[in-house]
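Enquirer: Just so you know, the protein sequences line up as chains A and B, in that order.
So the first sequence is numbered by my numbering: it starts at 1 and just counts up by one.
So the second sequence is numbered by my numbering: it starts at 672 and just counts up by one.
Hints in this document: simulated from the structure, not taken from any laboratory.
Positions of the beta carbon are idealized from the N, C-alpha and C atoms, including for glycine.
Take the hints with a grain of salt, since some may be wrong.
Now the in silico label distances, taken between C-beta atoms and shown as ranges [said to hold, decoys possible]:
1) A:G482 <-> B:N1204: 30 to 36 Å
2) B:A1173 <-> A:P516: 35 to 41 Å
3) B:A1173 <-> A:G275: 20 to 26 Å
With a Cα cut of at most 25 Å, we get these calculated BS3-like pairs of lysine-lysine [claimed, not checked]:
4) A:K564 <-> A:K497
5) A:K453 <-> A:K408
6) B:K1166 <-> A:K203
7) B:K893 <-> B:K835
8) B:K823 <-> A:K133
9) A:K133 <-> A:K145
10) A:K281 <-> A:K537
11) A:K203 <-> B:K1280
12) A:K133 <-> B:K933
13) A:K497 <-> A:K537
14) A:K564 <-> A:K408
15) B:K792 <-> B:K971
16) A:K133 <-> B:K1098
17) A:K476 <-> A:K502
18) B:K893 <-> A:K133
19) B:K1098 <-> B:K1252
20) A:K497 <-> A:K511
21) A:K417 <-> A:K476
22) B:K823 <-> A:K95
23) B:K933 <-> B:K792
24) B:K971 <-> B:K893
25) A:K98 <-> B:K815
26) B:K1280 <-> A:K95
27) B:K1098 <-> B:K1189
28) B:K1166 <-> B:K1192
29) B:K1280 <-> B:K1189
30) B:K971 <-> B:K1280
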Amino acid sequence: MPLLRRRKVTDSSKSTNSESTIDKQDDKKNQSKRFRRESYSSEKWSCWDSCCWFIGFICSMWWFLLFLYNTMPASIPQYVTEAITGHLPDPPGVKLRKEGLTVNHPVVFVPGIVTGGLELWEGHQCADGLFRKRLWGGSFGELYKRPLCWAEHMSLDNETGLDPPGIRVRPVSGLVAADYFAAGYFVWAVLIANLAQIGYEEKTMYMAAYDWRLSFQNTEVRDQTLSRIKSNIELMVATNGGKKVVVIPHSMGVLYFLHFMKWVEAPAPMGGGGGSDWCAKHIKAVMNIGAPFLGVPKSVSGLFSIEARDIAIARAFAPGFLDKDVFGLQTFQHLMRMTRTWDSTMSMIPKGGDTIWGGLDWSPEGGSFKCSAKKLKKNSTHNTGQNANSNLDDMKSVNYGRIISFGKDVAEAHSSKIERVDFRDTVKGDKLANSSNCDIWIEYHEMDNDSIKAVADYKVYTAGSILDLLHFVAPKLMARGGAHFSYGIADNLDDPKYEHFKYWSNPLETKLPNAPDMEIYSMYGVGIPTERAYVYKLITAVDCYIPFQIDTSSEGGSEDSCLKGGVFSADGDETVPVLSAGFMCAKGWRGKTRFNPSGIRTYIREYNHAPPANLLEGRGTQSGAHVDIMGNFALIEDIIRVAAGATSEDLGGDRVYSDIFKWSDRINLQL
Amino acid sequence: MSLLRRRKPPINESDKTSEASDSKPQKEREEEEEEEEEDGNGKDKNKKKIPSKIKKHEEKRPKWSCLDTCCWFIGCICVSWWLLLFLYNAMPASFPQYVTEAITGPLPDPPGVKLLKEGLKAKHPVVFVPGIVTGGLELWEGRKCAEGLFRKRLWGGTFGEVYKRPLCWVEHMSLDNETGLDPCGIRVRPVSGLVAADYFAPGYFVWAILIASLAHIGYEEKTMYMAAYDWRLSFQNTEVRDQTLSQIKSNIELMVATNGGKKAVVIPHSMGVLYFLHFMKWVEAPAPMGGGGGADWCSKHIKAVVNIGGPFLGVPKAIAGLFSAEAKDIAVARAIAPGFLDNDIFQLQTLQHVMRMSRSWDSTMSMIPRGGDTIWGGLDWSPEEGYSCSKKGERKNDTQIADQTGAASAVSQTRSANYGRIISFGKDVAEAPSSDVGRIDFRGAVKGHSAANTTCQDVWTEYHDMGFGGIRAVAEYKTYTAESIIDLLHFVAPKMMARGTAHFSFGIADNLDDPKYKHYKYWSNPLETTLPNAPEMEIFSLYGVGLPTERAYIYKLSPSAECYIPFQIDTSADDEDTCLKDGVYSVDGDETVPVLSAGFMCAKGWRGKTRFNPSGIQTYIREYSHSPPANLLEGRGTLSGAHVDIMGNFALIEDVIRVAAGASGEELGGDQVYSNIFNWSEKINLQL
């Protein structure tokens, strides 16, 4: 439309043009007649025309270039890249095919939260014409066109955690469900392409797509997804000559598959009735990628105030903009309401309480992780002595155990110096008077100022008390979540209560299946600062706003500090801290423990993050970031080798860059 | 690129005008040159004359050449295009419907909405079995020339690659002509899921409307399953290569189990009908060759089979396709533009390439007419004889005229087409009584060596091996009935038919208990298998009628240029009385499948307890009379009876939904017949 507006300007210049023609007439009266005739035949040359000319010129050039681009042989981009960066290594699929690897075990992918596509099957009036179109994934076009309608359809019923009446949004099925998240943003596509190089195709690859908004057991209740996965694994094993499957879950899919392994062996009404040797018979290996076995601190900030670091940083850059809500849309609150109807977000609340995540004055990572460690790592071992010295500073400054602190001073002070007022007994008052204009359902409106203040007065929350906090600020949400997930540590795993499905996705409250031949891998990236604890502040009580916010003004003293924008970070893959991804395989399940009675072998494979060298490499082939790691050549090579039949010994056992074994040792868990 | 090239001529034009003005007085001419100078390309000579003035002019009035006009023009178009696009996107979604309603009056509710109001709900899980051609295929491994097409659709979608790299495309779409499986280094696999066949190309629906209608009453992916398979392979090979039959079995079992034991309603379309016949035999056969589901698998898992446009007994079109790679569509194109298709300006030998490709697909042989002369008629009789093409027009009149039409058709019967002669060489042969046709048996003819300069070796069609002797012998047999057609195909394409007969059979069984019928090659032929033992199952045959459908052909020898297929449909043969048009005799049907093939089994072969249907499965015929869409806004119409467009026929969709929601055949109203199928079936003398 700016094009149209520009025409005004052209009119004025047109008039100057005609003025100049008048001048000309004065100059050359002789020719004026002739001139007019001529100008008549050759049209006037106004700016309006030059606009058109300009656009036409650009269009033609564009088409011409497009034509050239299309006729260009496909190998040119690669050729250019090679010319600039030197010879590229063969992609792992090609390399391993040359080594003679071929299809062996069928492969099952279990996508994580957010990455799976969702499509509309039935909607309200406002979603006309979107039948079987993607609401989640793809281009997200509808999010911009009709945001409120979109949020309405993506939400679930906040009582049942299932479909709201009149709306059916269902997961996309097949490999397309999660090969690309958005156009050009791969998730599984690179892995799929490399597996295809050694001969895999759709009959030997299965994408266990599920509706990632639902709690795990509800995917079975509503869509029979778990039954589907069971049936498909059985089919693939049967049609591939009895070769067991290699399962590759990613992110939340790891927890989903833990749930599946318990479900499939449980007796029929609640479980799949596969018998106690189903896993032993059908699964060769589970290769977990970026596994949040013990939850992620990010989910706490997501649930508490719907902000993760990304948003917190955006706030720091443009304070006011996100809060002002010029359009009256209350974006944040809408998002919060939507995500709070998704039960699955509660599957990633940190599990194991203070025993795992640390208390007021200690944490497993305490002191030994240095945020600048990444840079130092490249130096020789010469420097390790120095490192040990500098660790002393960190020991003092970072209390990772305090996952939420109100104020930077509180986060850093010694526990004996903090005055805490217990919030649990505070009686919630009536709703604030004029909360009527907030048509948005978030439970904060049902809290009065006193209880909000009570929350802030408790000052510091550890992993254990965080649960109480969430129960306090969002009782309905947590009541729904508590019916599907559990976050504790089992004292006695034989207690019959642990047969309930809500414990199945918590590795600290279940036993692994009886399958001594199975192998469990935990593969994750390291070397990227990952959210681990937060500094919060109270904000002035405007009605429709969330009363708590990450205090983006709190920064650590030096550049090396782990505190940035109100967030303490630790080593990890940008989403999952090393502790959560590695602990179970490093200690909890290592050897025969009470969580792993049959002694399934476990392995840790870490991938050190290296950012892409230049823009041509896209998201890089050595990335360790939570999603980008799916394109990491070393990881893909490991997976292909296992799928082609290698055992962990062939891979070389553990491969560790972080201090995960040291940290695991500090955790005092009965095994 | 044409745009760039166009710029040249306008410059010439301006030169011409300047030449033309030579005749004008000198003074004027000079002035004109000056002005021309102002407009156009500068000439040094003139510039020197009045340099200052002209420069001034040039600054104030930019040049206006034809190149500029072009750019201006394109700019205008682009701007208005964007404007319209913007308006289109800003337009409320209900607008097109509103316009349509304003023109054609209020539209009837789509069947899904209508039945939802009646209170129907999703009940039985539904299985779709797509037909030949409509299923998408994608590339999993290819040669160098197919770089960058990994997991892109080769078949279906936009078919972009056909135009970009046609030879590469043909190479990848072909199968190995010995094994009928993948060629070395190429893996093309069927797309899976509902997307496999919901739309064939953008905007060209196949299953999409049915899926949307079912979704209205509550169906979703857990209760709908698209049994996509590689339609190029022979049916048993889909199991050998992809384990497709096992997948279908497993998915039906899963759907029945997760839907509280409610049996599945299977909806095959076109060749999918034969595929599912094969499946039903396979699933109950013991394990090494079959699926080992046990003798009661079908009765436990299937409520009804709702066949849409089923070519149970094959289609004559398949013969024209195999014999000379032309169906009516191509024959018509030849009539309109003779020479063009044959000339092959680009040396691409399009037809031969297509023929080579489609001949490597075993599945095309599944649709060769079955049952020989018993079903399709002999030299002097056919079940449909007496059918007159003009009948369609008269049908709208009252029954009062029935007597008249009866009389009229009795008269025209003498002039009726001999549908039994599926291929005749020459129109006179097709019409003469059989005693007058002098035939020389071709079967003994020795094939000569291939003619000397068969340099066109790069195109594999077996005609090159035949030699002139063989070709002439074929033409001298003059007319072929359904039975001798098979011999003919064996003669002209022995390799292909050897592959085909290993997977398909086209006869009629004398004794169905003969153990040889346990072989899988008989499973897709309803005349050589028994239906499963499932007395509660129902079989429907739903198809369109009222469209002329290919039934028999008149061929001619084509001038024997070396690389051409030596036989061609004689497009010059026309005869309105006997339904002959452009060399093709047509009969009632859905444009692809004649009524006889779609209806006979359900009308007679399986009706009641017969030897083909020992457990007495109920069969129903539901015909849908074709009426073309009233105007362009209706798209492909909601009352169509055409082979693929019928998938959007509201009446058919309603029937399918009712069955899926639990109705039985009786509740639908039993048979619904417009054609003479019962009449014609009577004439077929088949032991039951």
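Enquirer: Checking one constraint from the list: CA of K98 (chain A) to CA of K815 (chain B), max 25 Å. Satisfied?
Expert: holds (17 Å)
Enquirer: Take a quick look at whether K281 (chain A) and K537 (chain A) sit within 25 Å of each other, Cα to Cα.
Expert: This hinted pair is violated, its Cα atoms lying about 53 Å apart.
Enquirer: Need the status of pair K1098 (chain B), K1189 (chain B): alpha-carbon distance at most 25 Å?
Expert: Distance of about 43 Å is beyond 25 Å: violated.
Enquirer: May I ask you to test the hint 20 to 26 Å on the CB atoms belonging to A1173 (chain B) and G275 (chain A)?
Expert: violated (41 Å)
Enquirer: Would you check the hint for K893 (chain B) and K133 (chain A), treating anything up to 25 Å between C-alpha atoms as holding?
Expert: holds (17 Å)
Enquirer: Please verify whether K1166 (chain B) and K1192 (chain B) have alpha carbons no more than 25 Å apart.
Expert: Between K1166 (chain B) and K1192 (chain B) the Cα gap is close to 17 Å, so the pair holds against 25 Å.
Enquirer: Is K1098 (chain B) close enough to K1252 (chain B), meaning Cα to Cα at most 25 Å?
Expert: holds (11 Å)
Enquirer: Indicate whether the distance between the beta carbons of G482 (chain A) and N1204 (chain B) respects the range 30 to 36 Å.
Expert: For G482 (chain A) and N1204 (chain B) the Cβ distance comes to about 52 Å; the hint is violated.
Enquirer: Do the alpha carbons of K497 (chain A) and K537 (chain A) lie within 25 Å of each other, as the hint requires?
Expert: Roughly 39 Å separates the two Cα atoms, so the pair is violated.
Enquirer: Can you confirm whether the C-alpha distance between K971 (chain B) and K1280 (chain B) stays at or below 25 Å?
Expert: Holds - the C-alpha atoms of K1280 (chain B) and K971 (chain B) are around 20 Å apart, at most 25 Å.
Enquirer: Hey, K893 (chain B) versus K835 (chain B), does the alpha-carbon distance stay inside 25 Å?
Expert: Distance ~38 Å between K893 (chain B) and K835 (chain B) Cα, so the pair is violated.
Enquirer: Between the alpha carbons of K971 (chain B) and K893 (chain B), is the straight-line distance 25 Å or under?
Expert: holds (19 Å)
Comparing the model with each earlier hint shows violations of hints 1, 2, 3, 4, 6, 7, 10, 11, 12, 13, 16, 21, 26 and 27; every other hint is respected.
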